[in-house]
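> These protein sequence lines are chains A and B, in that order. UniProt numbering applies: residue 1 is where the first sequence begins, and numbers increase by one. UniProt numbering applies: residue 1 is where the second sequence begins, and numbers increase by one.
Just so you know, these hints were derived from the structure itself, not from any lab.
Distance condition first, Cα-Cα at most 20 Å in a straight line; then the derived EDC-like pairs of lysine to aspartate or glutamate:
1) LYS102/B - GLU24/A
2) LYS265/B - GLU112/A
3) LYS100/B - ASP167/B
4) LYS259/A - ASP79/A
5) LYS100/B - GLU24/A
6) LYS270/A - GLU254/A
If you want a taste of the chain B side facing chain A, the calculated C-beta under 7 Å gives, among others:
7) PHE43
8) ILE90
9) LEU112
10) THR253
Label pairs and their calculated CB-CB ranges:
11) PRO200/A - PRO255/B: 35 to 45 Å
12) ALA169/A - ALA38/B: 32 to 42 Å
13) SER119/A - ASN220/B: 35 to 45 Å
14) GLN53/B - VAL37/A: 52 to 62 Å
15) ASN220/B - LEU157/A: 40 to 50 Å
16) GLY106/A - ARG174/B: 51 to 61 Å
Every residue gets a Cβ at the ideal spot worked out from N, C-alpha and C, and that includes glycine.
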Amino acid sequence: MADMAAVPQTIALPAPRSAPLAAEARSAWLLSLPAIVLVFLFILLPVVAVIGLGFTDFELGYAGFKFVGLDNYIELFTDRTFRQSLWNTAVYTAIVTPISILMALGLAMLIEAENIGRSFFRTAYFLPVASLLVAMATVWQYLFHPTIGPINAMLALAGIPGPNWLGSAGTVLYSLSIIGIWQSVGFNLVLFLAGLTAIPRELYAAAEVDGARAAYDRFRLVTWPMLGPTTLFVTTISIISSVKVFETVKTLTEGGPNKASEVLLFTIYKEGFVYLRVGYASAMTVIFLAILIVLMFLQYRLQDRQVHYT
Amino acid sequence: MNNQSISLARIIRLSVLSVGALAFLAPYIFMISTAGKAQSDIFTSSLSLIPQQWFYLQNFAKALSRVSMGRLLFNGIVVCGLILAIQVTIAIPCAYAMAKLKFRGAQAMIVLVMLGLLVPIHATALPLYVAFDRMSALNSFFALVAPFSISVFGIFLFLQFFRAMPDDLIHAARLDGMSEIGIIGRVIVPNAWPAITAFAIFSVVAHWNDLYWPLIVVSNQAYATPPLGLLYFRAAEAGDDYGALMAATLIITLPLVLAFLFAQKRFVEGITMTGLKG
Numbered sequence: 001m002a003d004m005a006a007v008p009q010t011i012a013l014p015a016p017r018s019a020p021l022a023a024e025a026r027s028a029w030l031l032s033l034p035a036i037v038l039v040f041l042f043i044l045l046p047v048v049a050v051i052g053l054g055f056t057d058f059e060l061g062y063a064g065f066k067f068v069g070l071d072n073y074i075e076l077f078t079d080r081t082f083r084q085s086l087w088n089t090a091v092y093t094a095i096v097t098p099i100s101i102l103m104a105l106g107l108a109m110l111i112e113a114e115n116i117g118r119s120f121f122r123t124a125y126f127l128p129v130a131s132l133l134v135a136m137a138t139v140w141q142y143l144f145h146p147t148i149g150p151i152n153a154m155l156a157l158a159g160i161p162g163p164n165w166l167g168s169a170g171t172v173l174y175s176l177s178i179i180g181i182w183q184s185v186g187f188n189l190v191l192f193l194a195g196l197t198a199i200p201r202e203l204y205a206a207a208e209v210d211g212a213r214a215a216y217d218r219f220r221l222v223t224w225p226m227l228g229p230t231t232l233f234v235t236t237i238s239i240i241s242s243v244k245v246f247e248t249v250k251t252l253t254e255g256g257p258n259k260a261s262e263v264l265l266f267t268i269y270k271e272g273f274v275y276l277r278v279g280y281a282s283a284m285t286v287i288f289l290a291i292l293i294v295l296m297f298l299q300y301r302l303q304d305r306q307v308h309y310t
Numbered sequence: 001m002n003n004q005s006i007s008l009a010r011i012i013r014l015s016v017l018s019v020g021a022l023a024f025l026a027p028y029i030f031m032i033s034t035a036g037k038a039q040s041d042i043f044t045s046s047l048s049l050i051p052q053q054w055f056y057l058q059n060f061a062k063a064l065s066r067v068s069m070g071r072l073l074f075n076g077i078v079v080c081g082l083i084l085a086i087q088v089t090i091a092i093p094c095a096y097a098m099a100k101l102k103f104r105g106a107q108a109m110i111v112l113v114m115l116g117l118l119v120p121i122h123a124t125a126l127p128l129y130v131a132f133d134r135m136s137a138l139n140s141f142f143a144l145v146a147p148f149s150i151s152v153f154g155i156f157l158f159l160q161f162f163r164a165m166p167d168d169l170i171h172a173a174r175l176d177g178m179s180e181i182g183i184i185g186r187v188i189v190p191n192a193w194p195a196i197t198a199f200a201i202f203s204v205v206a207h208w209n210d211l212y213w214p215l216i217v218v219s220n221q222a223y224a225t226p227p228l229g230l231l232y233f234r235a236a237e238a239g240d241d242y243g244a245l246m247a248a249t250l251i252i253t254l255p256l257v258l259a260f261l262f263a264q265k266r267f268v269e270g271i272t273m274t275g276l277k278g
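Let the hints inform the model, and build the full structure from the sequences given.
What follows is the structure in structure tokens.
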């Protein structure tokens with residue numbers, strides 16, 4: 001009852017100022033209109049369409065299509081290529097993410113502690129991030145070449161017979177992971193460096209006074225907790241970019257040999273844009289999108305739970 | 001920070017960093033070295049870095065003749081330039097409205113932006129491809145640029161930046177009788193260069209390197225971007241002509257790497273700024 005009386009009042013109150021406010025709201029809408037239209041056109045509508053297409057047997061080049069319900073998803077579960085591709089993507093991510101994060105953290109702490117050559121080291125490790133991955137993948141193909149490649153030539157000097165890095169099903173995923181790590185360490189390193197410089201020096205001094213003499217104790221008590229938000233962010237970004245691995249696979253292996261390097265985006269690409277099975281590829285895309293959303297959701301949850309020290 | 005003397009810990013630290021840096025730079029060293037080697041040289045001595053015969057000219061000539069490198073670089077510049085110009089023109093007014101003007105849509109739009117951040121081009125590519133195919137718009141600059149005309153990430157970044165700008169600046173401009181467009185052009189943009197530079201670096205690096213979307217919508221050399229062109233070159237150069245391949249790689253990689261080396265402070269700032277707030 002009281003609410004009903006209150007409502008007209010709240011509407012009545014701003015009335016005298018409403019003319020300039022309305023003008024402000026109007027220009028705000030006008031200024032953001034192009035962005036809103038484009039978001040609908042290029043993000044929301046396509047996402048809705050991809051979910052819808054996932055329930056159809058649409059194929060490019062054929063006139064009609066019909067709804068097939070969950071058939072595409074049922075087929076996905078029994079599709080050996082797709083399962084292999086999910087597994088490979090998971091293995092690739094499980095290798096690249098932890099190694100590139102630990103390497104980046106270690107290198108960042110070494111660079112931070114050193115006062116000469118800082119910018120040189122930062123540049124050297126960051127260079128792969130700024131380089132064209134398709135081009136550098138080609139260089140890696142040469143480095144990995146089983147007979148004329150420098151890596152196997154070096155191994156031969158040490159008396160070790162080098163593997164056929166990209167050419168054998170047993171090693172191809174590890175070789176791609178090496179390229180992935182090489183490419184992503186610099187990015188993580190720069191983020192960790194920014195996080196490290198933001199830690200107040202006094203905290204280390206205080207920890208030392210409190211008896212944290214060993215470097216490891218100072219790391220455990222100050223560096224690691226203070227870097228928490230950075231680490232969480234770097235982890236999410238690294239996992240997501242590993243799940244999105246595509247360039248190196250397309251350039252170097254095309255999913256081979258014998259599907260040993262089929263990864264999620266490459267399988268979607270092949271089904272959708274080479275075989276033109278749009279409906280089936282859409283169902284795969286929905287799974288891909290669901291994975292990204294779950295990862296983001298986990299990050300938000302963890303971020304909320306984290307203690308903030310600053 | 002630490003004492004300047006050369007202690008054992010410091011020697012270990014510097015050697016670890018140097019060996020690591022050497023390993024990370026090795027691909028570049030071999031790329032430059034191999035681009036100057038003759039075929040026979042590549043097959044016999046892969047570990048000597050100095051070419052026995054100086055073959056740079058021949059390899060570069062071959063790289064330039066098979067695929068029109070000038071065309072690729074031109075396409076790359078046009079596509080990245082158009083994308084960046086449109087993204088900034090669309091995102092800045094929208095972010096300004098969301099940050100500084102009162103209207104009822106603002107809250108809903110933040111939700112829209114956060115949702116948009118979750119969706120990469122790989123998720124929207126299929127319907128967009130079908131639509132562009134129906135419009136017969138494949139193989140065009142339009143197809144390469146249009147899906148990236150909106151950058152929700154750009155809106156997000158500028159939104160953060162504009163929120164931190166003092167309201168007094170805008171009020172003063174409004175009292176001077178400036179229109180909202182005038183405020184954006186003469187007050188907001190001149191004060192937002194750090195954010196714009198950071199975003200520009202982020203956007204150009206992302207789209208210069210993108211292979212997925214160009215691979216889907218472009219099927220001839222006329223509109224190929226640098227990564228796609230290199231893929232064509234690899235296909236045309238069957239076998240192991242690594243000399244010419246490395247020369248082509250060198251030409252394609254050089255523009256962005258040079259830009260990075262000249263403006264590395266900005267690059268790193270741009271990446272950390274866009275990174276930490278993403």
